[in-house]
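Chains A and B, in that order, are what the protein sequence lines are.
If you read the first sequence in my numbering, its first letter stands for residue 1345, the second for the next number, and so on.
If you read the second sequence in my numbering, its first letter stands for residue 178, the second for the next number, and so on.
Incorrect hints may have been included.
[Stated by the list, open to error] Here are the simulated BS3-like pairs of lysine-lysine, each with C-alpha atoms no more than 30 Å apart in a straight line: (1) 1400/A to 1349/A; (2) 221/B to 244/B; (3) 1349/A to 1452/A; (4) 1349/A to 218/B; (5) 1415/A to 221/B; (6) 213/B to 248/B; (7) 1452/A to 186/B; (8) 217/B to 244/B; (9) 1452/A to 196/B; (10) 217/B to 199/B; (11) 221/B to 1452/A; (12) 1452/A to 1400/A; (13) 218/B to 248/B; (14) 221/B to 1400/A; (15) 221/B to 248/B; (16) 213/B to 186/B; (17) 1415/A to 199/B; (18) 1415/A to 1349/A; (19) 1415/A to 217/B; (20) 221/B to 1349/A; (21) 1349/A to 248/B; (22) 1412/A to 1398/A; (23) 1415/A to 1400/A; (24) 1398/A to 221/B; (25) 1415/A to 196/B; (26) 1412/A to 213/B; (27) 218/B to 1400/A; (28) 199/B to 1400/A; (29) 199/B to 1452/A; (30) 221/B to 199/B; (31) 1412/A to 217/B; (32) 1452/A to 217/B; (33) 186/B to 196/B; (34) 1452/A to 1415/A.
The set of hints was computed from the structure by calculation and includes no laboratory data.
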Amino acid sequence: DQQVKQNSPSLSVQEGRISILNCDYTNSMFDYFLWYKKYPAEGPTFLISISSIKDKNEDGRFTVFLNKSAKHLSLHIVPSQPGDSAVYFCAASAMYSGGGADGLTFGKGTHLIIQP
Amino acid sequence: DTAVSQTPKYLVTQMGNDKSIKCEQNLGHDTMYWYKQDSKKFLKIMFSYNNKELIINETVPNRFSPKSPDKAHLNLHINSLELGDSAVYFCASSQVGTGAPQYFGPGTRLLVL
Chain A
1345 DQQVKQNSPS
1355 LSVQEGRISI
1365 LNCDYTNSMF
1375 DYFLWYKKYP
1385 AEGPTFLISI
1395 SSIKDKNEDG
1405 RFTVFLNKSA
1415 KHLSLHIVPS
1425 QPGDSAVYFC
1435 AASAMYSGGG
1445 ADGLTFGKGT
1455 HLIIQP
Chain B
178 DTAVSQTPKY
188 LVTQMGNDKS
198 IKCEQNLGHD
208 TMYWYKQDSK
218 KFLKIMFSYN
228 NKELIINETV
238 PNRFSPKSPD
248 KAHLNLHINS
258 LELGDSAVYF
268 CASSQVGTGA
278 PQYFGPGTRL
288 LVL
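Next up, chain B with everything else stripped away, as it sits in the complex (with noise of 0.2 Å):
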């Protein structure tokens, strides 16, 4: 029974198009987040998401947003895909409070063509 799952796994797409990469937790934690692994692969944080706000890294830029329709799904929306935007992008949950360890999913592996 998976407790972070994400959709699509591999995702493949020109440049200038939207996508959705979705992501449901089944651990009933009050945060989530979107993390992108780039070539180097250093994982960033992009966003974390609680019922009470989000917090943004000040370097995504805004063709990224976090759309959350309730507490067990946080769906990352890319608008206008470039060439830099191919990474592997994880989703992870945690209870709310610093310490508390993140879990992952298996990530979405974006190429933009």
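Bound-form chain A, shown alone (with noise of 0.2 Å):
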């Protein structure tokens, strides 16, 4: 049962234009959401994240758009660049009934590729 979905396991993009990557999610007491970059061979790069009450956060070429009810985000990268082409996850968070922070839920990821 995947609470966190990313449906396109790659995406092909033209450097200097706009990567939108998306993610689906179905439980609907995640309260945080997080995206994450992962190169082969390494650890998961936490990137930007979005509070369950904001709609959008921006972080230098870096936006999430939040849209609740349709339980849906996305990532947009712009302008790509190819040190861009990674695997990005997408994760959520939910409060843990004893206050603390439970582990994420992640989605599978999605290969992003720049095309020179």
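Please dock the two separately framed chains into a single complex, following the hints provided.
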């Protein structure tokens, strides 16, 4: 039962254009959403996050949009650069009843390829 | 200066053996985690731990046990290794509180023969 879904296994974008990565979720208890970037043979690297009470968060070239009613979020990267080629994971977090953080629930990832 | 480190990076062992993977973080975080990335590339939480409590994913076999000698370390012990345990194991850490970003180590690639 996948609670976080990334339906595009891969995405190819030309350098300089916008990359849009999508993510859907099913659990309405999620209250934070995060995006991670992963290179081969390395651990995931945190990129950007958004609280469920917001609909947009921006950090440099990266913007995350959240549509809570549709249970959908997206990561926009503009302009796309060759170094952005990596696997991008969407992840979600829910407040643990004890007040601490539970683990993240990850999507399966989207492999972004930036074409020169 | 590595924030979250894991040793070893690669681990090849025979079925039935017991092995440990070490994790250390120098970020001063309160909470540490272990994740497993299986052959289908899904990253799944195994444990989260702070100095107050251990939260165990109910699907994790009890052959897996986390041990924390102090706040900066969370080691993973695996008893009676099975072929299906072959995977990449990632350690992570964060400040306490939902929404706090988790910072991951480079992963340990475990192969059980």
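Going through the hints against the structure:
1. 1400/A to 1349/A: Between residue 1400/A and residue 1349/A the Cα gap is close to 20 Å, so the pair holds against 30 Å.
2. 221/B to 244/B: holds, 19 Å
3. 1349/A to 1452/A: holds, 7 Å
4. 1349/A to 218/B: holds, 13 Å
5. 1415/A to 221/B: holds, 21 Å
6. 213/B to 248/B: holds, 21 Å
7. 1452/A to 186/B: Holds, because 23 Å separates the two Cα atoms, which is no more than 30 Å.
8. 217/B to 244/B: The given pair, whose Cα atoms are some 27 Å apart, holds under the 30 Å limit.
9. 1452/A to 196/B: At roughly 28 Å apart (the allowed maximum being 30 Å), residue 196/B and residue 1452/A satisfy the hint.
10. 217/B to 199/B: holds, 24 Å
11. 221/B to 1452/A: The hint holds at about 10 Å.
12. 1452/A to 1400/A: Distance ~23 Å between residue 1452/A and residue 1400/A Cα, so the pair holds.
13. 218/B to 248/B: holds, 29 Å
14. 221/B to 1400/A: This hinted pair holds, its Cα atoms lying about 27 Å apart.
15. 221/B to 248/B: holds, 22 Å
16. 213/B to 186/B: holds, 14 Å
17. 1415/A to 199/B: Violated: residue 1415/A and residue 199/B sit about 37 Å apart, past 30 Å.
18. 1415/A to 1349/A: With a Cα-Cα distance of about 11 Å, the restraint between residue 1415/A and residue 1349/A holds, given a limit of 30 Å.
19. 1415/A to 217/B: Holds. Residue 1415/A to residue 217/B sits at ~24 Å (cutoff 30 Å).
20. 221/B to 1349/A: Within the cut-off at roughly 13 Å; holds.
21. 1349/A to 248/B: violated, 33 Å
22. 1412/A to 1398/A: Holds, because 9 Å separates the two Cα atoms, which is no more than 30 Å.
23. 1415/A to 1400/A: holds, 14 Å
24. 1398/A to 221/B: It holds: about 26 Å lies between the C-alpha atoms, which stays within 30 Å.
25. 1415/A to 196/B: Outside the cut-off at roughly 41 Å; violated.
26. 1412/A to 213/B: holds, 28 Å
27. 218/B to 1400/A: Since the Cα atoms of residue 218/B and residue 1400/A sit roughly 28 Å apart, the hinted pair holds (cutoff 30 Å).
28. 199/B to 1400/A: violated, 38 Å
29. 199/B to 1452/A: Holds - the C-alpha atoms of residue 1452/A and residue 199/B are around 26 Å apart, at most 30 Å.
30. 221/B to 199/B: Distance of about 18 Å is within 30 Å: holds.
31. 1412/A to 217/B: Answer holds: residue 1412/A to residue 217/B is near 28 Å, not above 30 Å.
32. 1452/A to 217/B: holds, 8 Å
33. 186/B to 196/B: Holds: residue 186/B and residue 196/B sit about 13 Å apart, inside 30 Å.
34. 1452/A to 1415/A: holds, 17 Å
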